[in-house]
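Put the two chains together into one complex, using the hints given.
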Amino acid sequence: MELQVAIVIGTLFATGIYLLMRRNTFSLLLGLSLLSHGINLFILASGRIRMNAVPVLDGGKVSLTGMKDFVATLPQQYADPLPQALILTAIVISFAVTAFAAVLVYRTYTYAKTESTNLEQNEPHSEPEGGEGAWKP
Amino acid sequence: MISLWFVIGLPFLASLISLILSVQVKRRNVYAFISAATFAASLIAALPSLKALTEGQIPQGVLPWVPSLGINLSLRMEGLGAMFTVLILVIGFLIAIYANGYLQADDPPARFFGALSLFGGSMVGVVLSDDLIALCIFWELTTISSFLLIGYWFHRERARYGAYQSLVVTALGGLALLAGVLMLGYASGSFEWSQILQVSEKVKKHHWFTPALLLILLGSFTKSAQFPFHFWLPNAMEAPTPVSAYLHSATMVKAGVFLLAKFHPLFHHHPLWFPLVGGVGLLTMLWASYVALHQRDMKALLAYSTVSQLGFMTALLGLGTEEGAAAAVLVLLTHAVFKAALFLSAGIVEHETHTRLFDELGGLAKEMPVTSTFAVIAAAASAGLPPLNGFLGKEFAFEAAHHFAEKTHSSLLLFLLTIASIFTASYSYRFAWEVFFKRPPQPYTRVHEPKEFLRLPVILLGSLCVLMGIAASWFVQPLFSIGASTVSEAVPKVKLWHGFGVPFFMSLVAIFGGALVMAARKLLTDLHLRLPQWNGDKSYDLLTKGLLNGAELLTNTLQSGSLRRYLWITVAFVIVGTASLLLQGGWFKFPAIQPVPPTTIVLSAVLVTAAILTAVFQTKRLLAVFSLSIVGVMVIAHFILLSAPDLALTQLVVEVATLLLFLAVLVFLPKEIADREPPAAKWQDAALALFVGIGVTTLLLSIFAFPFETVSRYYYATAKELAGGKNVVNVILVDYRGYDTLGEITVMGIAGLGIYSLIRLRRRLTETKSEKDEPVYIDLPPEHWTLGAQGKGSTPLIMTVARIVLVPGLLVGLYLFWRGHNAPGGGFIAGLVVAALIGLQYIAFGENRVRRAFHVNYRVLIALGWLSALLTGIGAFLLGFPFLTSGYRYWHLPILGEIEIPSAMFFDLGVLFVVAGVVLMVLSLLGESARLERARETAEIKADERAKAR
Chain A
7 MELQVAIVIG
17 TLFATGIYLL
27 MRRNTFSLLL
37 GLSLLSHGIN
47 LFILASGRIR
57 MNAVPVLDGG
67 KVSLTGMKDF
77 VATLPQQYAD
87 PLPQALILTA
97 IVISFAVTAF
107 AAVLVYRTYT
117 YAKTESTNLE
127 QNEPHSEPEG
137 GEGAWKP
Chain B
87 MISLWFVIGL
97 PFLASLISLI
107 LSVQVKRRNV
117 YAFISAATFA
127 ASLIAALPSL
137 KALTEGQIPQ
147 GVLPWVPSLG
157 INLSLRMEGL
167 GAMFTVLILV
177 IGFLIAIYAN
187 GYLQADDPPA
197 RFFGALSLFG
207 GSMVGVVLSD
217 DLIALCIFWE
227 LTTISSFLLI
237 GYWFHRERAR
247 YGAYQSLVVT
257 ALGGLALLAG
267 VLMLGYASGS
277 FEWSQILQVS
287 EKVKKHHWFT
297 PALLLILLGS
307 FTKSAQFPFH
317 FWLPNAMEAP
327 TPVSAYLHSA
337 TMVKAGVFLL
347 AKFHPLFHHH
357 PLWFPLVGGV
367 GLLTMLWASY
377 VALHQRDMKA
387 LLAYSTVSQL
397 GFMTALLGLG
407 TEEGAAAAVL
417 VLLTHAVFKA
427 ALFLSAGIVE
437 HETHTRLFDE
447 LGGLAKEMPV
457 TSTFAVIAAA
467 ASAGLPPLNG
477 FLGKEFAFEA
487 AHHFAEKTHS
497 SLLLFLLTIA
507 SIFTASYSYR
517 FAWEVFFKRP
527 PQPYTRVHEP
537 KEFLRLPVIL
547 LGSLCVLMGI
557 AASWFVQPLF
567 SIGASTVSEA
577 VPKVKLWHGF
587 GVPFFMSLVA
597 IFGGALVMAA
607 RKLLTDLHLR
617 LPQWNGDKSY
627 DLLTKGLLNG
637 AELLTNTLQS
647 GSLRRYLWIT
657 VAFVIVGTAS
667 LLLQGGWFKF
677 PAIQPVPPTT
687 IVLSAVLVTA
697 AILTAVFQTK
707 RLLAVFSLSI
717 VGVMVIAHFI
727 LLSAPDLALT
737 QLVVEVATLL
747 LFLAVLVFLP
757 KEIADREPPA
767 AKWQDAALAL
777 FVGIGVTTLL
787 LSIFAFPFET
797 VSRYYYATAK
807 ELAGGKNVVN
817 VILVDYRGYD
827 TLGEITVMGI
837 AGLGIYSLIR
847 LRRRLTETKS
857 EKDEPVYIDL
867 PPEHWTLGAQ
877 GKGSTPLIMT
887 VARIVLVPGL
897 LVGLYLFWRG
907 HNAPGGGFIA
917 GLVVAALIGL
927 QYIAFGENRV
937 RRAFHVNYRV
947 LIALGWLSAL
957 LTGIGAFLLG
967 FPFLTSGYRY
977 WHLPILGEIE
987 IPSAMFFDLG
997 VLFVVAGVVL
1007 MVLSLLGESA
1017 RLERARETAE
1027 IKADERAKAR
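Those protein sequences? They're chains A and B, same order as listed.
Just so we're aligned: the first sequence equals residues 7 to 143 in the numbering used here.
Just so we're aligned: the second sequence equals residues 87 to 1036 in the numbering used here.
Chain B with its partners taken away, still in its complex shape (with noise of 0.2 Å):
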């Protein structure tokens, strides 16, 4: 069904604008309206799904998201989601309202109402998915946007610490909830909620049906701030007011109660449900309800108020019978519409007074009247007098819960839950008299009745708290007979009056007993102080803290800062690595040998042997690089010999690339430096290398002793047909794995880019001091810059050479390049060769003249080449064929005969582009740095003569 999109998209849409608009609009009115506007538009949109939900149908809707992972984003909107549907939506109309009047002027708008939206908007999400992945989702981002909203205020310490702890707390149940929801969608088979409840025998009879229970519990306990996770929901109290109430009292909290009722028809038959969820809310239901009567601070006391009742639900469902979870979607219901009203009034009560301490506060009822008959309204219906709501709740509850201690024959949990209404009814009574009637302890200076758009919510919700309890057939029937369908076959009706039973009794007990303990609160208090404490908090903070001290000795351990220890460690765990998988291979074989001419073994030892010396003479750079270029050369000659001439030609070029770019950089570094090193530490490393190299060859052995298997004989049977090629070696690279050659570009690209903003970026800064530490801005020189012939240009003889052999190395750079698909070449190479020519007059004639005479933006060439690959390959998208795939035509020509096009040199030349561009863009670069050192050397010998000569 359409509307369900836009009952979900709405607030998201709202949330958006807001972000938008927050660059221009200031004004408080527009936020609020945007936000409230888009409640009740979703709202109506969701009329028609919920007409066809009374009319028995299921309202769906399905947006394929991973469909390969078996993920949709599918909405299905079931009686518990609807009637959740609309407390979110009317609740959260209503704050939108209340908060356009409670915000100060310097609160930004934008960023309160934008989050409100994404958050009524997450929690719609979160009711209606059917798909358990997108439930997560949206469990995750009501977590987030109750994060922003709870610090808000983040100047304030106390709102920053609630925040995270808060977001800490909820998104580690967050976590769990995933792991449980995978496991369920693993014992299913699908994450639709309504096929896993198709197939809960298969489900029930699975090993992870328990983990699962226990995770999805801790993920409900945490958001529903259930014992021991509670001490959150006390701190969230930072959050303004409106948000409490929204989030902290009717609708997040209460995520949790929708879950376990979500879950209840798979799961509560589980012998560890009624222990675990019954034993876990009436804990908490007890708990908090005896720790609310002692708090100093009235929102404190409303937010221990509400674990109390949120433990009240979880026992409900915890009985595991159809009565008693349609009992909680009671509770559930009545508590949204009571607490949400006390909040609302707490919030009034500290905006005119501007303090939340009971010690503080008293006789308001004198001056404001309306909001104190309301919020005392509010206070008796939490209290369960009748015939307000809160009674309505409690007396089917009570009614449930007798029912099933008839069934067990045991009355404990009747006595219990007796106890902790007692103190429900004591602690409500408590902030009606303390706030309301008692005497103030000073008179209030301009305490009076609040703007309208803050009392009209408190006096509706007020009002409902009575109307839902007189005319419960009206007001309550409709939407509990929806939310309770998902719960239970058959919806009872709700009626105020159940007659002298058990329940009745027990809520009399309640009402009384309650004013007695209020009349003994003060002594009761003195007691509790002198109680050893339990803290969630310094638990909390323990946890924390030992965590980021664990990991900050890890890190300081693991970084130190020296790159020799790093490469130990990761030397030592491949070592580790590969050898345990060596020794489970049958440790080693030898293979067999292919005799070899000689020569080539001379080859052999001559590497060995630069490779050695290259080592020795690390701290002589020139000899070292020397050495470095003979092991090069060597390699390239085992190319030649292991049958791989392309590989043979490209690291041809790049060892000239290599030495050009080696000797550059040893224009500015000592050409040698002390050996400083402790000798221990380069036998301990010489030790370790011999190990690794021995490991290496003994691997390469073992390997070559292991038959053998390729998929190269698909590229040999199809490079022909498929490509037009017949360089197989090439036809992979630009062909068969083009996106692996493109991704490579990319690299070289971004490579080349960051070598640029190494060296450039801070090139307009350049300056150097002068003795009175001005700094010196130098113009640049029009100097040349050589390798070879330091300053003055170079030699006549590199001059000619580079003349000489430019335009016939370009043709061999295009021959190469074109032949590249059916012979050794191809776009690396060519773009090396021409690489190598242009560094050539580089070193002959210097940088300044050679970038003159050719004037090309190296970035530009970079960008172009990029590109060209990178539409060769959309290209062939677009003609139908799958990303990169090559087409190759043939061509007749007057005197060339026949040649060949493939689509695949196009992306060849692209390669080509970005390979030359990177390389030219170092070295001319390097160039310029050299330049501009020695013009700065200049400058501070000239600064100092000057000086001097004063």
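Isolated chain A, as found in the complex (with noise of 0.2 Å):
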């Protein structure tokens, strides 16, 4: 499981940089999005991998007399549920900057009329055919 993990990760790390680099600003919202993916799976496989080890206490099994028993036998039986909540906010958060950056490249498509990520002047842009191929309703 480690290994198929930390290459899924790679891969998702790998195409939203590659992605991100992209002059036109969909290919970055692309990007965004599998780089997101990437980085909440990486906190979440750094609390180490527990299969079938849901963070949802059991009724029974808590109590003050057992706590030591309980305490020690917490690894095997309880995924680590510190990176879960910081990925449940990572989640919303990078919703929030998707939705941000989403809106921010209609913005600059419908304002600017450019998809370009590059503000060089002596490069050439890549701005989309001034309507040409856009979607008329």
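A few of these clues could be false.
To be clear about the criterion: a stretch of chain A counts as covered by chain B if any three or more of its residues have a C-beta under 8 Å from a C-beta of chain B, and this derived list gives those stretches [to be verified]: (1) 11 to 21; (2) 24 to 30; (3) 36 to 46; (4) 51 to 57; (5) 95 to 107; (6) 111 to 117.
Capping the alpha-carbon separation at 30 Å, the derived lysine-lysine pairs in DSS-like fashion look like this [unchecked claim]: (7) B:1028 <-> A:119; (8) B:757 <-> A:119; (9) B:706 <-> A:119; (10) B:1028 <-> B:757; (11) B:137 <-> B:579.
Okay, the calculated beta carbon distance ranges per label pair [as the list claims (entries may be wrong)]: (12) A:117 <-> B:113: 48 to 56 Å; (13) B:150 <-> A:57: 48 to 56 Å; (14) B:675 <-> A:117: 47 to 55 Å; (15) A:57 <-> B:795: 15 to 23 Å; (16) A:57 <-> B:659: 32 to 40 Å; (17) B:764 <-> A:117: 25 to 33 Å; (18) B:660 <-> A:59: 29 to 37 Å; (19) A:117 <-> B:629: 38 to 46 Å; (20) B:261 <-> A:117: 41 to 49 Å; (21) B:1023 <-> A:57: 50 to 58 Å; (22) B:843 <-> A:59: 39 to 47 Å.
Everything labelled a hint here was simulated from the structure, so no lab data went into it.
Just so you know, even glycine gets a beta-carbon here, dropped at the ideal spot from N, CA and C.
Written as structure tokens, this is what we have:
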């Protein structure tokens, strides 16, 4: 499991970064999504991989008297909840960021009529054909 | 002692009041009165402290400021500080009166007097702070208020230049001072000066003792305009003259001297003290007094003379003897009085004749006899003529220098002091002669004695020059005794007549030598102008220009405007950083692998393939979005595999919302674009991306191989007892890490409002240009907006499904929310479920109709949610628990049995509102945009048709 998870995460990072570097803004959105997936999985995996160990307490197992034994067996019984809590936060935030970026892409296109992420003067812009391929209702 | 806070607080209060009044009141008298009255009141408030001081107590007051760092706003009125306080407040009072007469009708008074009071308060803060950090803060405040005052006439280019230059130089010194103070604090364990002094032996042995000394000297020298930082002071003369008199002769520039005197007991045995402080002081004194003689502008002469006198005081402190330090304090006191008088009379001259150049002045003794009398007295005091206060200070200083020379068996010091004094006398004569006595180049018209406001301070200060000389035991001794007590154990008596000793001889040489030099002045000036000139301004300009050019070059190189380049730099940096850490950690270990069923390998393979396809299809956008969705679904599967049901649920709804969002954006963008990027760039990026991917994989495997320890046991052990929840992830979110979650929904809300402003704020300007370039404003037609079927409402299937799903779906959302505390679910998920359901209604029925049926202002929803979360936290606060502490109760209900209501639920409800609000707002805004876009196009088409028809 470890190896395949590592490869999955590596792929998400690689494709995400590749897409971020593309010149049109929509690819940037795609890259942002892939990279977020990669980072979320990375954080989760860095809490170690535990299968069939959902971090929800079974009512009977917790008592103050049996605390010592309980704590000693924890790593086998439950996955680490901390990364999960962090990622839950991260998922929502990255969604907010993606939403903002998406609207930014839309506004840049309708306002400046460009989809390029490159402001350098000396490089040719990869601008869309002035609405040629654009969708018309 | 409570009155100390009034002493320091009143001027600040005056500044604040001036600022507030400036909106309505324009009369200058009001502001001058506020300023002068608060200086006077502040002085009265200081009287009890002064009395206590003479009785042997030391008035203090402490206000905790950053107690965790040991920083307090502690005031302590020592002798030197007390003397300075009196000086600052008395002269401040006179200056405020003078400025009322000096400023013209079109000079905004609030800005002037507000900054003046601010300066006075900061200066009092500098001299009364016992805490060195507080001292640094007040120090910076004097720099800033001085900047505001020098640049008061900011329409003048020279004023802006002078203000900016003084800010750069003195703020630089302020930073050095702060660094030195931090070192001292570290070496001694305290920032309180009185406590540092008690452990001075420990501090002296610390290896930061010398660096601290050097940095503090840098701070002092820049403030007191010592060589080579003196160049800012003459440029600061662009300030209105009362400012020059107050800041740049009597008080602020003396803050550097004050600092030297304050630190004198700690540092004066240091081997670098005499060569640095004494050397720099002497050099400054000599050089500036020589340069002053050749100035054409009377304020420039006075500026250089101030630099020279500051050098004199620095040199006396540099002797390192208690007598020398006491002499510096006396010179400071006398100089403040006569130099303020000189500046103020120069101000009157400028005010009446509208010039500051010696060539255009002369003979004013006839036109304004009273002012001239007192100005000439002040000039004579500056020259060191008996029986005036300048002579008193000089005699005392020469005596101290004489004792030092006897001790070191070298009379070089005496020689240099005499030379400098000759120049001092000569420029003072010159000032008096050229302004008041020599024949004027042309007869004056309309030049006469000034208003009383202007004249009174000069008369007072000029008289004081005489009184301080002839009745020293009354007018000097009390204040001097207080001031010198800080630097000298036994305070010497001041007396005018020291007998026919070496000091008197030196004074005599200076007085007559000065007259000779004055006579030969033209010759000397010609000679001076032929010598190569060293100009501090040029070095300063070169340095600042170089810095700015360098910054511009660096910025242009880094900020080229290409996102790709930024990413390359960022990624390369991360790679280097991570790689070095990996190498330190013993490179790479392969972890133990847990066996898995082959089906999971298929899931991973699908994810990898879909991710790569997303990259490949990036120009064919619909396909790319489709691949991305597959990636999302597979990520959800992986969350399930890795025992994270909460994440899987959340991701599921986020995927739905993201898909909606991307499709909504694609309504506007071309579905497919031509790939015009050069292949080389793509290959380069692919190589970098591959490198990153392999790096991440390797890093992760190494992490897996590491032994693992987590803090989460605590959460497991206490989730039920402390927070009343079984779903540990949710408990962490809403309880243990509630702060993070609050921050996060804040980000979410901000992103939502950002989106709103991006789309909405240009909405009202929606317009289109017709052929004649006239904007055509259009009404928003009540059309439907849909994603699926374009324009005419969607298919009946979707409409039916949307109807059927809505209510059960909302119930599911409620259920997920309710059980969140004990099972997978919670505010996020419920919020997204609600959003997805209503989003579906948008698709089915169009944005317009949903908005009419479902009348909710999403911005209000977001705000309410955020407030609900915040208030839950504050509630705990009010009950005496830390912010966001959760409480819970079990309730018995008739049918449902025992139910539990944790306070965290209201927090979670807030999360729900924010999340749902943001998602729905984005969807509805994009829907509106689509409708508008179409309306605009329709309008354009119609306009075209009309044009064709014509």
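Hint-by-hint comparison with the structure:
1. 11 to 21: holds (count 11)
2. 24 to 30: holds (count 7)
3. 36 to 46: holds (count 6)
4. 51 to 57: holds (count 7)
5. 95 to 107: With 10 residues closer than 8 Å to chain B, the stretch 95 to 107 of chain A meets the three-residue bar; holds.
6. 111 to 117: holds (count 6)
7. B:1028 <-> A:119: holds, 22 Å
8. B:757 <-> A:119: holds, 15 Å
9. B:706 <-> A:119: Answer holds: residue 706 of chain B to residue 119 of chain A is near 19 Å, not above 30 Å.
10. B:1028 <-> B:757: holds, 26 Å
11. B:137 <-> B:579: With Cα atoms ~20 Å apart, residue 137 of chain B and residue 579 of chain B stay inside 30 Å; holds.
12. A:117 <-> B:113: 48 to 56 Å: Between residue 117 of chain A and residue 113 of chain B, where Cβ atoms are some 49 Å apart, the hint holds.
13. B:150 <-> A:57: 48 to 56 Å: holds, 53 Å
14. B:675 <-> A:117: 47 to 55 Å: holds, 52 Å
15. A:57 <-> B:795: 15 to 23 Å: Hint holds: Cβ distance 20 Å, inside 15 to 23 Å.
16. A:57 <-> B:659: 32 to 40 Å: Holds, at about 36 Å.
17. B:764 <-> A:117: 25 to 33 Å: holds, 27 Å
18. B:660 <-> A:59: 29 to 37 Å: holds, 32 Å
19. A:117 <-> B:629: 38 to 46 Å: holds, 43 Å
20. B:261 <-> A:117: 41 to 49 Å: holds, 43 Å
21. B:1023 <-> A:57: 50 to 58 Å: holds, 54 Å
22. B:843 <-> A:59: 39 to 47 Å: holds, 44 Å
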